[in-house]
Amino acid sequence: MPTKLNRDVYVIGVGMHRFNNETLDPGAMADVAGMAALADAGIDFTDVGALYNGYLGGGMANGVRFAKEFGLTGIPVTHVENASATGSCAFGEAVHAVAGGRVESAMALGFDDMNQLGGIGRSRSKGMGAEDVMLPAAFFAMWATRRMHDAGTTMETFAKIAAKNWNHARTNPFAQRRADHEVTPDEILAATMISYPHTSMMACASGGGASAAIVATKEVAERIGGGRPMIRVSASQQRSETYTDGHVFLGAVIGPSQMTRDTAADAYEQAGLGPADVDLVQVHDAFPVEELVYYELLGICGEGEGDGLVADGETTIGGRIPFSTDGGLTARGHPGGPTGLAQIHETTMQLRHEAGDRQVEGAQTGLCHMAGAGSVCVVHILQRN
Amino acid sequence: MTMLPTDPRLFRLPEGDEARPHLLGSYAPESELYFWPRRQRCPVTRTAVEDVDLTSEGVLYAWTFLHVPRMGKISYGDAGGYGVGQIDLAEGVRIQAPLLGTTDDWQIGSKMGLTTFPVGEDDDGNEMVTFRFEAIS
Numbered sequence: 001m002p003t004k005l006n007r008d009v010y011v012i013g014v015g016m017h018r019f020n021n022e023t024l025d026p027g028a029m030a031d032v033a034g035m036a037a038l039a040d041a042g043i044d045f046t047d048v049g050a051l052y053n054g055y056l057g058g059g060m061a062n063g064v065r066f067a068k069e070f071g072l073t074g075i076p077v078t079h080v081e082n083a084s085a086t087g088s089c090a091f092g093e094a095v096h097a098v099a100g101g102r103v104e105s106a107m108a109l110g111f112d113d114m115n116q117l118g119g120i121g122r123s124r125s126k127g128m129g130a131e132d133v134m135l136p137a138a139f140f141a142m143w144a145t146r147r148m149h150d151a152g153t154t155m156e157t158f159a160k161i162a163a164k165n166w167n168h169a170r171t172n173p174f175a176q177r178r179a180d181h182e183v184t185p186d187e188i189l190a191a192t193m194i195s196y197p198h199t200s201m202m203a204c205a206s207g208g209g210a211s212a213a214i215v216a217t218k219e220v221a222e223r224i225g226g227g228r229p230m231i232r233v234s235a236s237q238q239r240s241e242t243y244t245d246g247h248v249f250l251g252a253v254i255g256p257s258q259m260t261r262d263t264a265a266d267a268y269e270q271a272g273l274g275p276a277d278v279d280l281v282q283v284h285d286a287f288p289v290e291e292l293v294y295y296e297l298l299g300i301c302g303e304g305e306g307d308g309l310v311a312d313g314e315t316t317i318g319g320r321i322p323f324s325t326d327g328g329l330t331a332r333g334h335p336g337g338p339t340g341l342a343q344i345h346e347t348t349m350q351l352r353h354e355a356g357d358r359q360v361e362g363a364q365t366g367l368c369h370m371a372g373a374g375s376v377c378v379v380h381i382l383q384r385n
Numbered sequence: 001m002t003m004l005p006t007d008p009r010l011f012r013l014p015e016g017d018e019a020r021p022h023l024l025g026s027y028a029p030e031s032e033l034y035f036w037p038r039r040q041r042c043p044v045t046r047t048a049v050e051d052v053d054l055t056s057e058g059v060l061y062a063w064t065f066l067h068v069p070r071m072g073k074i075s076y077g078d079a080g081g082y083g084v085g086q087i088d089l090a091e092g093v094r095i096q097a098p099l100l101g102t103t104d105d106w107q108i109g110s111k112m113g114l115t116t117f118p119v120g121e122d123d124d125g126n127e128m129v130t131f132r133f134e135a136i137s
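Chains as they are written, first to last, in the numbering used here: chain A, 1 to 385; chain B, 1 to 137.
Among these hints, one or two may not hold up.
Below 25 angstroms or equal to it, Euclidean Cα-Cα: the simulated DMTMM-like pairs (lysine to aspartate or glutamate) are [to be verified]:
(1) B:Lys111 with A:Asp8
(2) B:Lys111 with B:Glu127
(3) B:Lys111 with B:Asp53
(4) B:Lys111 with A:Asp150
(5) A:Lys218 with A:Asp8
(6) B:Lys111 with B:Glu30
Stretch by stretch, here's where chain B covers chain A in the computed footprint (C-beta under 8 angstroms, at least three residues) [stated by the list, open to error]:
(7) 48–54
(8) 239–253
No lab work stands behind these hints, which were simulated from the structure alone. Virtual Cβ for every residue (Gly too), placed ideally from N, Cα, C.
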């Protein structure tokens with residue numbers, strides 16, 4: 001059963017610090033993103049009722065410490081951590097805080113620098129345990145080899161998805177990877193092999209960055225909106241895994257595919273929509289096989305039809321249902337805490353019709369999907385009112 | 001030199017005339033499901049589970065070769081990386097584990113067997129071993 005929002009919630013402001021691989025100060029990046037979101041909303045931090053900080057790395061109290069730069073207003077500040085889905089969960093907490101009546105407005109702020117996280121991908125067993133193999137590159141590569149076996153998917157299909165996302169990022173000023181030329185599938189295939197069948201250009205860009213979003217009640221959104229399109233959160237759903245055949249308990253980076261199918265079903269039910277009503281989608285495309293299977297798990301196409309979607313260019317901007325319009329994790333980047341909030345940023349800009357060269361024509365409804373290690377899945381649906 | 005498992009909660013070494021080590025799992029009589037690693041209770045029915053040794057052979061469900069030169073403390077030398085696979089055991093349990101061999105050895109559907117893999121000595125001079133799967137005929 002999907003969770004409910006007891007009153008309407010709107011995205012009133014978004015902001016980002018560009019994702020990068022420059023080992024910048026996370027606090028400074030968080031400040032840029034947070035202040036940009038406040039400026040975008042046209043409000044002061046004194047108007048924010050609660051702050052949810054999403055981050056994986058850094059000190060225990062970084063979120064509270066960084067919040068002090070926005071002003072000592074006394075509001076509740078809470079740390080949210082759910083691996084790759086951290087920013088999405090911080091956003092969900094802000095949405096539910098407003099929907100539940102706790103506050104009239106709330107900010108979700110994500111910041112991180114993967115380059116400064118010492119523990120990612122390393123084992124606590126110092127090289128002697130089975131959990132050493134819990135590397136996303138290996139886990140998703142096995143999704144890929146099984147997909148190739150079952151559906152006849154080719155490496156060229158994976159390369160086309162990655163090239164699409166690299167090219168989407170070319171006009172995104174917040175993207176970590178901004179190619180100075182049209183990236184081709186051949187270029188993706190020729191890159192260094194990191195985990196068969198995935199090359200380095202298929203793997204997500206792991207670096208630093210920050211993103212923020214502010215949500216509020218309808219009354220607040222209307223008061224400060226100034227005639228700008230209203231962006232409503234029509235679904236906010238989160239799940240963990242349920243048992244499925246072939247369940248992997250040790251070493252599975254994320255839970256079974258059914259988790260995405262179930263979370264999406266909850267979100268569609270809550271929003272009163274179906275996959276055919278969605279105009280653009282952001283997903284956890286850490287590797288292209290993920291985006292491919294999410295086409296199907298999110299109901300955008302039938303089982304085994306994802307390859308055809310890629311071949312026909314339907315998930316490219318200008319196609320029937322564009323995915324990862326800002327470059328996705330592949331090219332916009334995946335710093336950790338801010339990643340899910342970058343999806344909210346991109347979707348909000350698209351639904352306001354302010355996405356510039358990346359604009360999806362006539363976009364009215366956007367879906368954001370994130371998966372997180374340890375078995376987390378989050379789906380948000382935003383709609384232009 | 002005494003051989004010891006790196007994590008005795010996950011697997012045990014061959015005993016008596018056994019040829020292969022065994023993963024240590026759980027069986028839930030009510031759901032008739034098996035699990036690995038061991039569970040406190042059945043995650044489906046929340047009922048009691050029993051400790052069991054799982055079979056040491058299975059079928060390769062998926063695999064990859066990671067082009068990463070080291071994994072923890074283990075060096076792969078000239079191999080240029082290491083294999084990882086998911087193996088379906090007869091009990092219906094899917095295991096994710098490193099593989100021995102080369103890419104030519106692994107095909108989805110290949111029969112695989114559990115084996116030990118040395119990772120060094122502990123402070124008392126015991127030989128520490130972890131487990132791997134290898135293709136078998």
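Status of the hints after comparison with the structure:
This hinted pair does not check out: B:Lys111 and A:Asp8 have alpha carbons roughly 55 angstroms apart, beyond 25 angstroms. For the given pair, B:Lys111 sits about 28 angstroms from B:Glu127 by alpha-carbon distance, which is inconsistent with the 25 angstroms threshold. A hinted pair counts as satisfied when its Cα atoms are at most 25 angstroms apart, and B:Lys111 with B:Asp53 qualifies at roughly 19 angstroms. Restraint check for B:Lys111 and A:Asp150: the C-alpha separation of about 18 angstroms stays at or below 25 angstroms, so the hint holds.
In summary, the hint linking A:Lys218 to A:Asp8 is supported, as the alpha carbons are separated by about 6 angstroms, within the 25 angstroms threshold. As the CA atoms of B:Lys111 and B:Glu30 are separated by approximately 30 angstroms, the hinted pair breaks the 25 angstroms bound. Given as covered by chain B, the segment 48–54 of chain A fails the check, having 0 residues with a CB less than 8 angstroms from a CB of that chain where 3 are the minimum. Counting residues of the segment 239–253 of chain A whose C-beta lies closer than 8 angstroms to any C-beta of chain B gives 9; at least three are required, and the coverage claim holds.
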